[in-house]
Amino acid sequence: MRPTDVSNPQYYHRVVDCQWACPAHTNVPEYIRLIAQGRFTEAYMLNRESNVFPGILGRTCDRPCEPACRRGRVDGKPVAICRLKRVAADYSDDFRHLLPPIPREKNGKRIAL
404 MRPTDVSNPQ YYHRVVDCQW ACPAHTNVPE YIRLIAQGRF TEAYMLNRES
454 NVFPGILGRT CDRPCEPACR RGRVDGKPVA ICRLKRVAAD YSDDFRHLLP
504 PIPREKNGKR IAL
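For the sequence shown, the working numbering begins at 404 and goes up steadily by one.
Hints listed in this document are in silico derivations from the structure and should not be mistaken for laboratory results. These numbers were taken from a predicted model, which means no experiment stands behind them. C-beta: ideal position from N, C-alpha, C; glycine also. Treat each hint with caution, since some may be false.
[Claimed, not checked] DEER-style ranges, computed between Cβ atoms: (1) 512 <-> 486: 32 to 38 Å; (2) 455 <-> 511: 18 to 24 Å; (3) 478 <-> 514: 39 to 45 Å; (4) 505 <-> 474: 35 to 41 Å; (5) 512 <-> 474: 40 to 46 Å; (6) 419 <-> 507: 37 to 43 Å; (7) 514 <-> 426: 17 to 23 Å; (8) 411 <-> 455: 31 to 37 Å; (9) 508 <-> 420: 42 to 48 Å; (10) 473 <-> 440: 17 to 23 Å; (11) 513 <-> 480: 42 to 48 Å; (12) 456 <-> 419: 19 to 25 Å.
Using the sequences plus the hints, can you model the full thing?
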């Protein structure tokens, strides 16, 4: 397998294999970039757009994205995507002010978690 040609603009306009394999279709490449830059809160919030429990799934997910990781085909060792999700959750700052407000009026519906 050849290395990725990032000089081709089409590379940036497609869903990568790990994102496709993720049941939530989380934007894996972008949140890994944010983590690499030390922007843990932004990575957490990006992850939360498609997955409302990134801190929990960073510990319990069965990682369908990792076998699909392109690095595994190039280097023989996939990126530890699930562990990075956990890192973003563990090292993020207080993000409660970034979350949507809790509705004041109840809608009468109940859910079980």
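Cross-check of the supplied hints:
Under the hint 32 to 38 Å, the C-beta atoms of residue 512 and residue 486, about 35 Å apart, fit the expected range. Checked against the hint of 18 to 24 Å, the C-beta distance between residue 455 and residue 511 comes to roughly 21 Å, which is consistent with it. Under the hint 39 to 45 Å, the C-beta atoms of residue 478 and residue 514, about 42 Å apart, fit the expected range. For the pair residue 505 and residue 474, the supplied restraint of 35 to 41 Å holds, since their beta-carbon distance comes to about 40 Å.
A hinted range of 40 to 46 Å holds for the C-beta pair residue 512 and residue 474, which are about 42 Å apart. In this structure, residue 419 and residue 507 meet the distance hint of 37 to 43 Å, their C-beta atoms being roughly 40 Å apart. A hinted range of 17 to 23 Å for the beta carbons of residue 514 and residue 426 is consistent with their spacing of about 19 Å. Separated by about 34 Å at the C-beta atoms, residue 411 and residue 455 satisfy the suggested range of 31 to 37 Å.
Our hint of 42 to 48 Å for residue 508 and residue 420 holds, since their Cβ atoms are close to 43 Å apart. Distance hint for residue 473 and residue 440: a CB-CB separation of about 21 Å, consistent with the stated range 17 to 23 Å. A hinted range of 42 to 48 Å for the beta carbons of residue 513 and residue 480 is consistent with their spacing of about 45 Å. Remark: the range hint 19 to 25 Å for residue 456 to residue 419 is upheld by a beta-carbon distance near 22 Å.
Hint violations for this structure: none, all hints satisfied.
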